[in-house]
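This is what each chain is made of:
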Amino acid sequence: MSGPNKNYDPVEVAALDPAVIEQDLTAALAAIAAASSLEELKSVRIAHAGERSPLALANREIGALPPSAKAEAGKRVGQARAAVTQALKGRQAQLEVERDERILVEEALDLTAVPGRRPLGRRHPVPLTAERMADVMVGMGWEIAEGPGVEAEWFNFDALNFDTDHPARQMQDTFFVDPADAGLVLRTHTSPVQARSLLERGAPLYVAVPGKTFRTDELDATHTPVFHQMEGLAVDEGLTMAHLKGTLDRLAYGLFGEGITSRLRPAYFPFTEPSAEMDLVCFVCRGEPAATPCRTCGGTGWIEWGGCGMVNHNVLRATGIDPERYQGFAFGMGVERSVMFRNGVADMRELIEGDVRFNAQFGMEI
Amino acid sequence: MRVPVEWLGEYVALPEDVTGERIAADLVRVGLEEEALHGSEVTGPLVVGRVLELTKEPQRNGKTISWCRVDVGAANGTGEPQGIVCGAHNFVEGDLVAVILPGGVLPGGFEISARKTYGHVSAGMICSSRELGLGDDHEGIIVLTEHLGEQAVHLEPGQDLIGVLGLDREVVEVNVTPDRGYCFSLRGIAREYSHSTGAAFTDPADLPVPPATTGGYAVRLADESPLSGVEGCDRYVARVVQGLDLSRLTPRWMSTRLLEAGMRPISLAVDVTNYVMLALGQPLHAFDLARLSGPVVVRRARPAETLRTLDDVTRTLDAEDLLVTDGGSDTVLALAGVMGGESSEVSAGTTDVLVESAHFDARTVARTSRRHRLSTEASKRFERGVDPDVTAVAAQLAVDLLVEIGGGTADPEVTDVDHRVARAPVVFDLDLPARYVGVDYTHERVREVLTEIGCSLTDQDASDRVSVLPPSWRPDLTDGPTLVEEVARIDGYDRIPSVVPSPTGGRGLTHAQRLRRVVASVLAGQGLSEVLTYPFVGQDRFDELGLPLDDERRRALALANPLSDEAPLMRTELLQTLPEALRRNVSRGTRDVAVFEIDTVTRPVDDRAAPVPGVGARPDDATLATIRSAVPHQPWHLALVAAGESDRSGWWGAGRAADAADVVAWARSVAEAAGVPVRAVPAERAPWHPGRCVALRVVTPDGEDGLLGHAGELHPKVAQRLGLPERTVAAELDLDVLVTASDRRVQASPISTHPAATSDVALTVPRSVHHSTVESALLEGAGELLESILLFDVYRGDQIEEHEKSLAFRLTFRAHDRTLRTEEVNAARDAAIARAAALTGAVQRGA
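From first to last, the protein sequence lines are chains F and A. Heads up: the first sequence begins at 1 in our numbering, then just goes up one per residue. Heads up: the second sequence begins at 1 in our numbering, then just goes up one per residue.
Next up, chain F with everything else stripped away, as it sits in the complex (with noise of 0.2 Å):
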């Protein structure tokens, strides 16, 4: 920068002229304007914003300047220079959004399309049904009990008051463990657990027992030897064959919906007495007669879910409860038999073949 120059007249720079400045000022916001696009702009800065543009060359010279002619050239040239700045930031931001915009616009994809890259896999409905129905139970205070598959013969059979040669005993297609005089038995039931939670844990007692159960049937579409059951035992005082009722009730409810109610009807197990089937309201026809007889049902507007009754004395003594003290009510009933009811799932194989296009089809929900 050149010294003080007091004698130097500023009318004479000719960068300093008004009108000159006016002009730059103009050039500078027609060639902002017209940047289309952000590296145009870029060099728009350069020519008319950067340090050899007019109007930086313009304010070099304001020094030069007499200081009574400082003031007023340094306002016109400042003003002349922030409204350049002005203009730049508008047009940078305006040409941002632009640009933002296209970008947007050129990346889009097309996600209408899209498969599962690592699809999800599924849970099988039988064991998701077993922990929905132990929910229900939950639910009302119970809780859950376990108990081997390969079992003591005295816990499947005699301490539910099954005795040896009793033709309930020989009913029950049995898978023996060899030699034959083991004592074992693959468990026909889920019922020995009631027997070992009564011995573990004594009365009262509300235990739910959903697992694995075997009888010597072959694979077909109703039948199969390896299947699940979940059991109900309640002992404490004062159980009545109208709390079973009011359990099944519930159960049917949690597991079927409004309107499904279970009904008892006569029957006999060894280890309950008085015992009873019980039946729950078709949810195909719910009883509503019909022109044609339901599939579901074969038209009678009832279908078999399971056995129940009031737990005989002899399991009870079997287990060293005091059955003038305690009552009780046990249920058992199938699980894949309540997800081919539930899900409409016609064919017992589809549940034992291991398709995983079967289980697609449910969420993991059930």
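Hint data in this document are derived by calculation from the structure and do not stem from the laboratory. Wrong hints could be hidden among the right ones.
As the list claims (entries may be wrong) - Derived coverage of chain A by chain F (criterion: at least 3 residues anywhere in the stretch with Cβ under 8 Å from a Cβ of chain F; other residues may be distant): (1) 485 to 497; (2) 507 to 518; (3) 547 to 561; (4) 607 to 613; (5) 627 to 640.
To be verified - Here are the simulated SDA-like cross-link-like pairs (lysine to any residue), alpha carbons at most 25 Å apart as the crow flies: (6) A:Lys-380 with F:Gln-170; (7) F:Lys-212 with A:Gly-243; (8) F:Lys-212 with A:Leu-457; (9) F:Lys-212 with A:Thr-740; (10) A:Lys-380 with F:Asp-217; (11) A:Lys-380 with F:His-166; (12) A:Lys-380 with F:Met-171; (13) F:Lys-212 with A:Leu-563; (14) A:Lys-380 with F:Gly-363.
Heads up, the beta-carbon is just placed ideally off N, CA and C, and yes, glycines get one too.
Use these hints to put chain A onto chain F, whose structure you have.
Positioned in the frame of chain F, the structure of chain A alone reads:
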């Protein structure tokens, strides 16, 4: 039990318009579940026709048809003969035949209409037995004079045949539960129908029976080894009928009832005994008197005794078998209550028979029946309990029928050896039904029901208690609850209200139960599908999996009666059965498939037998402990198998096949979900690839290191032998180990909000050094500022020696209380490298 409705109506008053369906519904209410309804599906017009003209017409197809003009009376509305084409040839002009006219329906919904065939309009059909659902005989059409015998004499053309042929008859088949043996008789079913509906019951056992005499056929009850103190036979009635003509045909009414009840008519003597059994529930046996030398001795079998039973099998008898023997010749006549022997069988030439009506012990018969695998109509009834008071009546009914039908003479002597023990009454609290069922039964109602089912009630001193003597046909009524059931069922189960009990509240699911659910969800969330496989395997599978001969997993529990001899064992690991599910999916065209199973496996304990101490009493603690300890160890396992792509190919680019690292990651994710740290250690174990398998070990809360399981790629040979895709990967974990290791409450540590600093380290190590070894050395050396470590690259190639590999780790450091300075980070990193160098010989690359 098949219940012919016509027969039932003889013992209980049925409404005029009763249907089988209605009867079944009434029986269900008292506990006799409907099995099936059998009835004719024929609807008329089905009428008598007389063949007036019969012309044989050979056809071009080689058949010959009979073109008939048949007189059907006025049944066709015109009285003119009906033209009918018939394919059968077993009849001639003048025969009476069964004609179904247009509008009629045959079984199977086959509607009859006039139709043109073989050049004639055939207006109806001449029927065979099979077409009418009367039997399998399809040799020809029914010629009524042959079919009905004397009954046909009065038939006239046009007469309705539905009733004459019994096509209006229905049979209700019910399931009889094991406690109600008396319902294996029309008498029992009729009684139950009466209980259900209130209809009047006529007891067929209400017959006059002459008193026992002393001069009858000698019978000796000589059971020297009663089972459980119960005599094998406590009553034996023997009656003799002489001068019979057993070549006579069983009358049609009886054979029809037998057929409807599901028994084939055989011969007069046999049919009569079966008929009485079905009527009264008392199995009978008829011996050819000429083949007995007497007396009849009922005793247990002696060693090595044999009997050739009526089913042509020679059976070696067991000392526990109860026998009916001929005391004179000391030969075995019958397995008591199960089946007779051939030597004394009644034949067509028999003239004199001895009718046996005996009461055999349920347990004795049950054991013999089971021992000889011989379940008969007789054994079925005896094992469930036969009315000991009906013995003499049944014999009388048989005698009466033999006299009437067989033309014999009843010997007036009546042998009745009677050792019956008086039944024990039950002291019964009249409030018990209300207390047990939750219905307010009055004392009057309770008394009424018990009396109705045949109990005798005697008041006790205390007002609420009565002494109840159950009827002779109800051996199942032995205590309070059994009587409660009678009250509840006769009063109706539909009267029981619905009341939800309110337990004090439970603890919810256990940790193990919740964890198994989480594990399943975590795996399903990563693309694996849950499947259930049968737990049965054979030794072959162990070979296919390449298990060494001394592998403990070969020691499997065997079943005595497996469904298949190829798979008699219980799996010891889930991977013995799970691959089959994968294979099935692949064979059905699902190539990218990952499945898992959660279930128990069976690890047998030493060959210890579990005692079976019997019913009704708590075994002592020592016995219970022995029972429990004989039950095999059955831990919960998890297995995974995968093949094909785990990351799918698609428009976004190429996918990635599931590899050993995937299955290790899945297995790790399960442990992570349980909050349990795991360590992977190289392992060689069947059925995995020896160089692509790790053992996963968990650190249990008490600081012990436990084996969780193994994961990796299957051995190529195993995959090949099991028919699985190449490079199938698999894992098997012991979930019980995970449950134990995770059963603790996590104590949270505060997390640092200060910035992290990362430092990448590349180390060359010999290829034999495991990644995890280098990683733990770095971890150890880096000290507590290290937040995490990640192996992000493994390099083998030109840049380094052939026997080496380069591992690149990213170390992330962070302090709890400050921002780390560069010097601190560098120092920690250098310490980590130094530790790795010391422990593994690692050299920093580019250093």
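Fill in: Violated hints - listed by number, lowest first
7, 8, 14
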